[in-house]
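Can you build the whole structure from these sequences, using the hints too?
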Amino acid sequence: MKHLIYSIILVVIGALVGIYLPWYAMGLAFGLIAFVLNMPLKSSFLTGFLAGFVLWVVSALWLDLQHPSPLPGRMAQVFPLKGNVFALFVLTGVLGGLFSGIWTWAGARLRQK
Amino acid sequence: MKIIKSAFPLVIALFLTYAMNQSWGTIPPIGKIFSPFHGFWMNAESPDSGEPTEETLQIQGLHQPVQVVYDEMGVPHVFAQDDHDLYLAQGYLTAKDRLWQMEFQTHFAGGRISEIVGEKGIASDQFQRRMGSVYGAEKSFEGMQQDPAAKMALEAYSAGVNAYIGSLSDRQLPLEYKLLNYRPEPWTPIKSALFLKNMSFVLASGTDDLKMTNILRKYGREVAEDLFPNYPFQESPIIPVGSPVDFKPVPIPAAPADFTGLGSSMSTPEKDPNIGSNNWAVSGNKTVSGLPILANDPHLTLSLPSIWYQMQLVAPGVNVYGSTMPGTPNVIIGFNKNVAWGVTNVGSDVLDWYQVKFKDASKQEYWHDGKWKKTSMRIETFKIKGKKDMVDTIFFTHHGPVVYLSHEKPFRSNIPVGHALRWIAHEKSQELTTFYQLNRAKNYEDYKKALTFYSAPAQNFVFASNEGDIALWVNGKFPLKSKLQGKYLLDGTDAAADWQGFIPQAHNPHVLNPVRGFVSSANQFSTDPSYPYYMGWQYAPSERGRRINERLAVMEKITMDSLRGLQNDNFNIRARELLPLLFAQVKSPTAAQSKALAALKSWNLVNSPESVGATIFENWVSTLQNCVWDDEFSADEKVPMSRPSMDRTIQMIKSEPTARWWDDTKTPAKESMSDIIMKSLQANVDTLVKQHGPQGPEWAWYKHKQTGVRHLIPGMDALSRLNIPIGGGGTIVNASTTKTGPSWRLVVELSKEGKPKAYGVYPGGQSGNPGSSHYDDLIDTWAKGELKPLLYLESPDQKSNRLRKKITLSK
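Protein chains in written order, with this note's numbering: chain A, 1 to 113; chain B, 1001 to 1811.
Worth flagging that the hints you see were computed from the coordinates, not collected in a lab.
Values in this document were obtained by computation on a predicted structure and should not be read as measured data.
Note that CB positions come from ideal geometry on N, CA and C, so glycine has one too.
It is possible that part of the hints are untrue.
[Said to hold, decoys possible] Taking lysine-lysine pairs in the DSS-like style, the calculated list, with each CA pair at most 25 Å apart, reads: (1) B:1739 to A:82; (2) B:1005 to A:42; (3) B:1703 to A:82; (4) B:1005 to B:1442; (5) B:1587 to B:1654; (6) A:42 to B:1002.
[Stated by the list, open to error] So the derived list for chain A, only partly shown, Cβ under 8 Å to chain B, looks like this: (7) 3; (8) 19; (9) 70; (10) 77; (11) 92.
Shown next, in the form of C-alpha cells:
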C-alpha cells in the first residue's frame, strides 16, 4: 500500500515537473523525493518504474485521445515497430519507467549510509 | 568506500540521463523524444472537426490586424491592410505550417547540412558552396534590395517567420527538429535568396560539357555533332514555327577557336531528364465560356512536405491565389481577378566550364587574354556537428569559382576538375520583383513588364488575361553566344570564349495570341532553328510537347475539365512511333518474348496504372538504349560520356539501319540492327521476369514504376508515401516517374467580372507536420487525376461552407 502511495506522489510530481521543466527534470525530482521520503531501497526501482510507466503511458494516451492523428502510426515506423501503435505505447512506458526507476533507486540508495 | 557505493546508482542515473538526452548516430535522443510532455506525442494535431473556430494571435511588428481564414484543405486566405502586413503574415503563416522544411531547404542550399547531420553532410555542403551557392545568393540579394517593394516584402516576410520562431518553446518544435535534435535559428532575408538560387540548382545546373568533350576527344567533331545534333529529329517547338520576329537581332559574337581541352576525369549533376513541366493557355475561341483557360503543372522531385504551399494573399491593390514556395514571399504560380500565369523550365545552356591555367601552385594568378590575371579568394567556414570547424578556400577567376582543383575528387562524377564555372545563377537578379508585379498584374502589358526583371532559372511563362489575351514568353537572362558555344568545355585563356553579354530581354522568344488559338510549353526547344540566337543544343525530349500540341490543335469547346483530362493524359506517343519499327525487326522470339510481344500488340498505348504493355514498352526503351550505346558511350567513371538521345536512336532505326553504332563492339561477331533489337527484347523480358516473376498482373505499370512522394530526410520512408497507384511516365503528359512528377496542377478560367474559377492540387498537403491530417491528404486526389476547387474570396467575411478556422493576427 505504501508503495502505491509513493507511486502516486511520484506521478503527480512527475506530471507537474513535465509540464513546466525539461524532460529530464522528472528523474532528478524522483531521486530527490526518494531521498527526502527515505524510500525503502528494495522496492525503490519498482516504485519509480511503475510511476514513470504509468505517467508516460497515460499522458501519451491522453494526448492521443485529445488529438487523434496519424502520428503514432507513423512514429511506430520511424522507430522500427512495424507500425504497431500498441508497441509504441509500451515502449513509451518502458522508457519512462526505466528512467524513473533508476533515479528513484539512486535517490533511495544515496540516503542509505 | 561507503560513499562511493551509495553514489554508484546516482552515477548510473546521470549517465542514463545523458544517454537519453543525446542523438546517437541517426537515433534521436530517446528520452527527450518519447517524453509525452516534450517529444513527438506533442505533435499530434486533431483532424478538422468541421466546426468553425476563432482565435487571436499576438504578433509583433504588424501595422494593423490581419484576418486569416482557413478552408477545409488548410489553405490560409490572408486579408491585410497593407503590403507590409501581408508579407509579414505570409512569413508567419508559412512558418506555422512549414518551418522545418524552410530551414532545412535553405541549409541545404547554403551548404550547411553538416551542421545538422555531422560529417556525412560535408561533401554535399562543400559542393554547394564551391558551385557558388552562397556567393550567388549574396549577389541576388543585392539585386533584390534595389527594388523598394521587393525589399520591403522580403524583410516583412522574414520578420513574420521570426515572430513564429520566437513563439515556439522546445516542446512545440516541429517533429523533424525533435528527430534530428536541433533548434531553428533566426530567419534572415538572405535565406529567401538562397532558396530562389537553389531553384537554379534544381532546374538550371545540368551540364554535359565534360561528357561531350570526352566524346569529342574520342570520336572527333563529326561524330559528336552527328550523334548529338543541335535540333531534334522530331520536335514541336514552343514558339510556333513561322511566328513573326518583332525585333532586330543584335550581332552574334564571333565563335572562339576550336578547343578540345583536357576532358576526362569528372563533371556536374546530370540533368534529371524527368524534371520538366507542362503549361498551356487556350484562347476564348476554343473554350465553351469564350474566355481563356490556363493550365500548368510543374514537374519536380516529389517531396513531403511539398515544395508548394497554397495561399490567397489580399491587401489593397492585390488579391492573388496560388502556390507559394515556403521560404519566399509572393505567389509563384497563380491567378488574380484579371490574369493567370504559370511556368515551366527552359532547358537553355546557362552554365559553362572554362579550363583554367594557373601560373603556379599558389593559384594567385591565371592566364587569360594574353596576360596573367589575379584570382580572388573566398573563405568558407563549415560548422560540423560534433566536430571542429572546417575552412575551405574557393578560388575565383573572372568567370566564376574553380569548383574543383585538378587534384581534387569531385562530389559528382561528371564535374570537370581544374575548370572555372560561369553560371547564370551567379548574376545579380530581381526575380522577386517579377513575382511581386505578376501578383498584381492586370493585363498583358503588366505581365510583359514584370518579366523584364527575371533572370534565372529561365522559365516559359504562360499567361492568360480576362481581356482575352494568351501569351508565352521564354524568359530569363540568356548569354549571348556564338553557335554551340559551351556545348563542350571552353578554353579559359581565350577571351573570345567568354560570355559576351546577354540576349536583350525583349528578344527572348515569345508569342502573343497565335493563330492556332493556344500557347504551350513542355520544356522542349523554345524555337525552331530560324530564331536568330543560339540558346542551347539540348532540351527535354519532344514527346510531351508534341502530344499536348496535337491534342490542343484538335480540341474544341474546351472546358476546365477537358484540360484537367489533358494534364492527366497517359497516351504514349513514343510507343505509337517506335513499336511498329521494333516489331518489324523481331525474329524467332522465345515463348516468353512472344507473350510480351502479344501484350504489346494488344496494348492501347496508354500508360495507365494497371497497364502491363506500358511496363514492357518502357523497360524495352531503356534496355534498347543500353544495348545500342553502352559499348561505345559507356558510363565509365573515369571518362564519363553522354549517351545519344532516344530521339536520335529512333532516327537511326528509321533511316540508318546499317550505321556503325549498331554493332556491339564488345563481341567478336558483327551485329545488325535487328540483332541488337532482339538482344534488347531479350534483356527486357529477362529483367522483368527476374524482378516481378512470370508475366502477369505483377507487371502492372504502377507496380514497376513505383511512384513515391518522399520525406526530405533521405531514407525516412515512415514519413513518405510510396507505391502510389498512378500511371504516366517521363515522356508522358502526366509526367509521374519514380521520384518526380507534377508537383502542382492548376487550371484557371478567367472571368470578365473578376471572378476567376480555378482548380488545383499537389501531391502532399498544406501542413508539414506528419501529425496532421493535412500532411498528405491531397495525395490520393492527385493520384486519381482529380483537382480540388480553389476558393477565391473577396473578403474575410464572405460566407462559405468550406471555411473552418479563423485567426486574427493582432499587434
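### Query
Going through the earlier hints one by one, which of them does the structure break, listed in rising order?
Numbers 4 and 7 - these are the hints that the structure violates, sorted from lowest upward.
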